[in-house]
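Student: With chain A fixed as given, assemble chain B onto it according to the hints.
Sequence order for the protein chains is A and B. The opening position of the first sequence corresponds to residue 9 in this note's numbering, with each subsequent residue numbered one higher. The opening position of the second sequence corresponds to residue 6 in this note's numbering, with each subsequent residue numbered one higher.
Please keep in mind that the hints were generated in silico from the structure rather than gathered at the bench. One or more of the hints may lead you astray.
[Stated by the list, open to error] Pairwise CB distance ranges, derived in the manner of DEER restraints:
#1 B:395 <-> A:115: 52 to 62 Å
#2 B:395 <-> A:104: 54 to 64 Å
#3 A:18 <-> B:407: 50 to 60 Å
Where is the CB? At the ideal position from N, CA and C, for every residue including glycine.
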Amino acid sequence: MEGFGVNLAFWTLAVLTLGSAGGVMAARSLFHAVLFLIVAFLGVAGFFVLLSAEFLAMAQVIIYVGAIAVLLLFAVLLTPRADRNNAETAMAAPAVLLAIALAAVVIFVIQDTDWATVTASPELTGAELGDALLSTWILPFQVASVLLTAALVGAIMLIRSSDEEAEDER
Amino acid sequence: MNSLDVVGPQLAVLVGAGAILVGEALFPRQRRLLPYVALFALLVSVLWTTSWVGRDDYQTIFDGTFSLDQYSVFFYYVFAGATAVVVLASIDWVEKTGRGEAEYYALVLTVCSGLMFLAGARDLITIFIALELSSIPQYILAGWGKDERSSEAGLKYLLVGAIASSILLYGMALLYGVSGTTLLPEIADFIASEGDQNRSLLILAVVMMVAGFGFKMAVVPFQMWVPDVYQGAPTPVTAFLSVGSKAAAFAVVTRFFFESLDAEFLSNDWSMMFAVIAAASMTLGNVMAVVQTDIKRMLGYSSIAQAGNFMIGLAAIATPGEEFTLGASGILFFVAAYSFTNLGAFVAIIAISQRINSDQIRDYAGMWRRSPVLALALALCLISLTGIPPTAGFWAKLYIFNAGIRADLAWLVIIAVLNSAVAAYYYLGIVRQMFLGGEDEASVPAFRVPPAIAIAVAATTAGVLVFGIIPGPLIEAAQEAAGVFAQ
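So here's chain A without its partners, still in its complex pose (with noise of 0.2 Å):
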């Protein structure tokens, strides 16, 4: 895809992600760093539109906005006596550095590669997605739901409190 239109859409995404995801790192706030999380998510979204991936995009909408950040808002509000604002590191400095440098190292390698690209918008159903994931992708598909049970399983044992562990033992 080519066009003014397109370039133009890219680059505010682009100037919006980025700027929120700085955001997250630099709120001081708990509270601002999630709501900066959630445009950055969007933005992400975004460019998963840009990439005639709808399905994906409404994915990435529906469960990173729709549910992780709101469950990481009520996290903050449910916790009124932990501490709200992010803590000075003094890692900081090093940290930033280390970040560009990387950023500096996978921009090149980027511009290095041969990347294959299509000029054509996949054309993917609802139902092709669903036939992928229970034929070819059957296994990671099925595993993904024994990893989610294994982790409900153990949270709910790691916020039992010892008051409801004595309980149990009658």
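Tutor: Below, chain B without anything else, positioned relative to chain A:
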């Protein structure tokens, strides 16, 4: 063979995990039986695996994302055996803590199935999901203890593991982006045909993936979490971490490199990368282990050093022709020998620390008089970790050093031998403490070992001794398993 048969061992283990969770809810009074359900599930899994031995219709299923071959079968045995030992070693401790017995065993079995999936995975997505399946329950298990140290271990492991996973994913995404496939054999084809033009990206992607796996393998410079997590986590879980996740990470890295990244124009780069990591891990791990006073922390550092030894096998990837698989078979043999040995050492430590309530090395003084059998078993495992005959550890080191020399890495092998001398100092230091130390404490009472732990100690030390005296069958099995990578 249908696809259900191919994932049978994993299914048996997962059904066992489910049965434990449901069984505890239905029969809460029969909690004592839970570990035996876990052991039974592992037995079914082993028998299922054994039913394939001797057949030659090994195959890949689900469009190549998962494969059953001699290589995965070899690891199924290692993982099922290691998990069984961990379950046996946990019985006493879990009963004492009285915290979620069913959930504990179910999670241990889930980790085991994840490790098994990892051994057979032949596609980046399957590898990643299997890796998470084996990791996330382990984060939880590391924080299972009720003290602050255990919570710290769990949290630290989770944070470091999450960062490692994201770096790994970044590398996988780059690799997929340029090659357009996630299947390992197709990646190999891509590299053979167009890899030359995309050399810089391949190196960046693979370095990121090695960094991600490096956390699981616990090699320098990705080792900083090891001492704290090993010390803080409950000892049976530490034993599981030190063997299970390390072996699985090596299993998947070995498959990935020997199957997809063996192209000649790159293999010298990988060889150098692994050789440097190996030398750094061995040296740092051993030097730090010398100054430790806590035995779990010391074994943590020593496991970093051992991972360096494993890595000599990966550094031998640049050997062309018939000896190409020598490094891979060295890793397999070393992984199996190390699993017996390290598990044996940890189980003995579990038994001892439950009685003396301490993990300090100085409290092991005079252990010979208090429990001769445990002291002998621990001494044997430490001797095997050092690499002195007649133990499995000796042959494993000899074999992998040989692979290193055949790959023209004599300098690395010299470093490894020098490191073995340093390792001997602290491993044998404990042996000396147990047998010669603590003259004035002759009055401390002797103690008995619970039967489950006794069985676990007997099984592991028997493995160390039997394969130390007749290593032939194990070496043959390792060579046959590594044969799937033959060029």
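Student: If a hint holds in the structure, say so; if it does not, say that too.
Tutor: Taking the hints in turn, this is what the structure says about them:
Range check, residue 395 of chain B to residue 115 of chain A: Cβ separation about 56 Å, and the 52 to 62 Å hint holds. Separation of residue 395 of chain B from residue 104 of chain A is about 55 Å and conforms to the stated range, judged on CB atoms against 54 to 64 Å. Between residue 18 of chain A and residue 407 of chain B the CB atoms are about 55 Å apart, so this pair conforms to the stated range of 50 to 60 Å.
In summary, this structure violates none of the numbered hints.
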